[in-house]
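Two chains, each in its own frame: build the complex with the hints.
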Amino acid sequence: MSVSSGPSLSELRALAGEVCDPELPPLTLSDLGILRSVERRGDTVVVTVTPTYSGCPAVEYIEAELEAVLTGAGCEDVRIERALSPTWTTEWITAEGRRKLIELGIAPPQPVTGGPVPVSLGRRPTAAVPCPRCGGTNTVEISRFGSTACKALHRCDDCREPFDHFKGI
Amino acid sequence: MGSDVDPLLTYLLRLADDNLVLAQRLGELIAGMPDLEEDIAVANVALDHLGQARNLYAYAGQIDPAGRDEDDFAMGRSEREFLNAVLVEQPNGDFAVTMVRQLFVDAYQVPLYEALSESTDEQLAAIAAKAVKEARYHLDRSAGWVVTLGDGTGESHHRAQAAVDELWQFTADLFTADRVEDELSSRGVVPDPASLRPRFDGMVGEVLAAANLTVPSDPYQRLGGRTGFHTAHLGHLLPELQWLHRAHPGAEW
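First to last, the protein sequences are chains A and B. Straight run, no breaks: the first sequence in our numbering ends on number 169. Straight run, no breaks: the second sequence in our numbering ends on number 253.
Hints listed in this document are in silico derivations from the structure and should not be mistaken for laboratory results. Keep in mind that this is a model prediction, so the values were computed, not measured. Keep in mind that the hints are not guaranteed to be accurate.
A few chain A residues facing chain B, derived, Cβ under 10 Å [what the hints assert, rightly or not]:
no., residue
1, 51
2, 56
3, 57
4, 59
5, 84
6, 88
7, 143
8, 146
9, 147
10, 149
11, 152
12, 167
13, 169
Just some of the chain B residues that point at chain A, by a computed CB distance under 10 Å [stated by the list, open to error]:
no., residue
14, 45
15, 55
16, 140
17, 144
18, 177
In this text, a Cβ means the ideal position worked out from N, Cα and C, and glycines have one as well.
Chain B extracted, bound-state conformation (with noise of 0.2 Å):
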């Protein structure tokens, strides 16, 4: 991206991203988790990220100088363009691979929707104000299963920890900041990405610490989703999410 994009609208599209490939993700799920409860759990917690994407999108679009609308961002943009965090687009894996990265990204945007919600933009502080609702709750229950299954059998402690060794190295990339960030923070529209560190250490290590799980030490990182740089699992999502779309342009119904 050139720099001369506004960095507000750089880091909707980064915000927005996030929610949308987590939607798209959790969308794979539906009707094939392991009880009708957590089918209807997932359901309702990709409902509420692909809301939270729109909300994004929608303003993305009210201050895009190219005149783009939510569709355009979500179904028009390829892999590159997309600026998620790589954990996001991670497979779902087995069901102990799709509740760590569920409580990795939920401690994440606990701490940065409150953040947000403080945000001098008014609009992006509403948007913050209503998601950190709902992201305490998917924090409770990804939280809350994670316990269960790393404190749980020794199958599901092994998937469990497995899990967190896999995902781990994804996670550093949730707090990557560049200029966009800097120059957003430093008028108060945005938190420093590295002040909302310590609070996701703080909550993932005490659920990771009741769960009997550790971190690896392993200290490699992969980072790049905020430029664009993704690993090998997005480009394959985004197809099944835009081809409808790419196939008839501008159909309604």
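Chain A on its own, in the form it takes in the complex (with noise of 0.2 Å):
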């Protein structure tokens, strides 16, 4: 495939940001701002992906779905790097990718503030992470580990429904 022919390196990008991650179908990796760079080296196009969490058992997938969605662009030889630096962090969760979550019922990431994270050693007091469903403010958090890394799971006292809080890390 001559590269004059082949589908440009935005149009490539914009396919591989439209990938969704497995355990959150309607965010695509853009939207979770993993998708780092697409580039063209020689005859090989590189697609650069950030991990979320280190085990995150999500990474496989995507990266077998964008070699697909690539390869099926026309791309004939397509190769994905992780970038594990810089560290990924839910700031780069965009705007729309916040919306999204909230409509899953997933209450999105509180921003994290510069620095690292204080270690509470467990007596961390609970801020009160609005609930995704009413948008009550007496919510608990049950637990550290929701239903993947990413998330804890909290319960709204206001409507009484559990509901899953995206860790800001």
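Next up, the structure:
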């Protein structure tokens, strides 16, 4: 395939950015801010992604999807690279991504202030995470870990529903 | 291990093995924790440790002159070749043992990964910067549970104190150093393990005080994990971890 006849890099980037997270299907790689770059190196299209957590099991699925999508768009040689640095942060989730999270019933991450999160030694007061269903702030953290590594489990004492909270990191 | 082995390779395996062995121990608990939330939590923590192990093994594979990969390191080495600290191979015991072991690991890994994220080795720094965010969450959880148990009922206090008494003898192994750490720390690649001890003592001391728990007065410490001298438990853990790979070498799905 000659470079001139294939899709442009911005088209490939748009395609790659539309790949969905398998565990949060409406959210795309663009929404989550884990797509770092799409570039050509010789005849190879190199896509760089940043995993959210060290052991995130979605990474391998996402990489396979990216390869399938770009191959389907006419790229013959696709390579996926993982970049650990700079470290992914929930600050990279876009406004659109946050909107979709609320739609899914997941409270979006709280803003991450600069510097390391202080270790609270188990006595961290639970910041009131607004309930994504009723907007109530009368909520409590039930567990530090929710249905996936990136989420914590909370309960709203206004509407009495449990909900996931995307942890700010 | 011979003195001709790259100290960085040995160091990466020491840290990776800590995480793999602990992930395997925690994995044994999935579907067996006291409630659903803790079952999910233990699976998530195990997954974080497994992910950290994989990042470290992958890096080790890039610098290994023998060309071994992640699977070769995890599935192809025997007990004497594993370099994890003896703490992580200790059996899960009751819930108190599982949580006290986790507290000791977390209070070690938080300052370790913080220091490593400043490493002169960019790849090691990147792996650690990712891992430290996870380790801080782990510490919040384990510290919370140790306080809940130690400062709880008579029975939970008794069990938590028994867990501290049993596991304290395995803590010094985390901070041992030999020529591997000496050489790497002189180049700013890794921290001197002894330099992590004050943070560990401070955090663990604070949690144990809040939990009405005390460390045992017996000074005995079981060392040796970093050079492959393990307690009897690792030899039983590895066959369960490795049997499939050994029975079907190279199998994929």
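Hints, one by one, checked against the model:
{"no.": "1", "hint": "51", "in the structure": "8 Å, holds"}
{"no.": "2", "hint": "56", "in the structure": "7 Å, holds"}
{"no.": "3", "hint": "57", "in the structure": "7 Å, holds"}
{"no.": "4", "hint": "59", "in the structure": "9 Å, holds"}
{"no.": "5", "hint": "84", "in the structure": "4 Å, holds"}
{"no.": "6", "hint": "88", "in the structure": "8 Å, holds"}
{"no.": "7", "hint": "143", "in the structure": "4 Å, holds"}
{"no.": "8", "hint": "146", "in the structure": "7 Å, holds"}
{"no.": "9", "hint": "147", "in the structure": "7 Å, holds"}
{"no.": "10", "hint": "149", "in the structure": "5 Å, holds"}
{"no.": "11", "hint": "152", "in the structure": "9 Å, holds"}
{"no.": "12", "hint": "167", "in the structure": "7 Å, holds"}
{"no.": "13", "hint": "169", "in the structure": "5 Å, holds"}
{"no.": "14", "hint": "45", "in the structure": "7 Å, holds"}
{"no.": "15", "hint": "55", "in the structure": "6 Å, holds"}
{"no.": "16", "hint": "140", "in the structure": "6 Å, holds"}
{"no.": "17", "hint": "144", "in the structure": "3 Å, holds"}
{"no.": "18", "hint": "177", "in the structure": "24 Å, violated"}
Hint 18 from the earlier list is the only one contradicted by this structure; the remaining hints agree with it.
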